[in-house]
Amino acid sequence: MTWRGTAVLALLLAVGAAGGFGASLLAGENPRADGRAAPVAAASPSLPVDPVPDLLPDPPTPPLAPGLPLERRVVGSGDFRMTLPAPVGWDFSENSLNEWQWRPPDQPDFGYVMRVEQVLSNRRSIDWTLDRRIDELREDESNVEVLGQTADSLHFSYVTSNHLRHGYLRWVDLTGSDNAQVEIAVTGREVDDAGMADLVARVGSGIRLG
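Each residue of the sequence shown is one higher than the one before, counting from 23 in this note's numbering.
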């Protein structure tokens, strides 16, 4: 080999060594520099999820049965006066001038209860009220799940104080304005579902203003 060949070979070896060192350095700083996309592990779930707590047992009172005897009751006064069918023998309490509640006497906590409220001052359609109430439930309660929905009613479940609760809501338009004037809510346990659905339907069908 001539001295020129030896010089060329030495130069190529030097360039190759420098290139190899540079490639190694770049690979160390950017392990995937081959242009292919690599999956990146998420630091946290993309959507918040309520952890399901350990649930406590429901009180062992008998389930709310369909066909509960009802009687006519008058509540409110002035613009808030109305008549409605309410369960016979249940304790009555007035939460405010436009909200009333009934529950069986001596019932333990986390049993079933009925609440009726006049909401005509909101001047909102039933559709708007229903959608807004779903948003409010998800903001205020844990583990909310919508189990059923119609044009004017909602069946849902949620967890409070480590108890699984089921609820029924219905909105009633008494003036033909398409606005919700009355909200009926019945809350209880899963075993009360049939009785709660029957109760909220019968009360909603029997409410009258004045």
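No lab work stands behind these hints, which were simulated from the structure alone.
Just so you know, even glycine gets a beta-carbon here, dropped at the ideal spot from N, CA and C.
Some hints here could point you the wrong way.
Stated by the list, open to error - Pairwise CB distance ranges (calculated):
| # | residue 1 | residue 2 | range |
| --- | --- | --- | --- |
| 1 | His185 | Gln123 | 14 to 22 Å |
| 2 | Pro82 | Arg145 | 37 to 45 Å |
| 3 | Gln171 | Arg145 | 42 to 50 Å |
| 4 | Pro130 | Glu163 | 17 to 25 Å |
| 5 | Ser118 | Ser199 | 19 to 27 Å |
| 6 | Val110 | Arg154 | 29 to 37 Å |
| 7 | Pro130 | Ser199 | 22 to 30 Å |
Right, here's what the structure says about each hint:
Against the hinted window of 14 to 22 Å, the Cβ-Cβ separation of His185 and Gln123 comes to about 19 Å, which satisfies the hint. Remark: the range hint 37 to 45 Å for Pro82 to Arg145 is upheld by a beta-carbon distance near 44 Å. Range check, Gln171 to Arg145: Cβ separation about 23 Å, and the 42 to 50 Å hint is violated. In this structure the hint that Pro130 and Glu163 lie 17 to 25 Å apart at CB holds, the actual value being about 21 Å.
At roughly 23 Å, the beta-carbon separation of Ser118 and Ser199 lies within the given 19 to 27 Å, and the hint holds. At roughly 33 Å, the beta carbons of Val110 and Arg154 sit within the given window of 29 to 37 Å. Under the hint 22 to 30 Å, the C-beta atoms of Pro130 and Ser199, about 41 Å apart, miss the expected range.
The structure fails to meet hints 3 and 7 from the earlier list, while all remaining hints are met.
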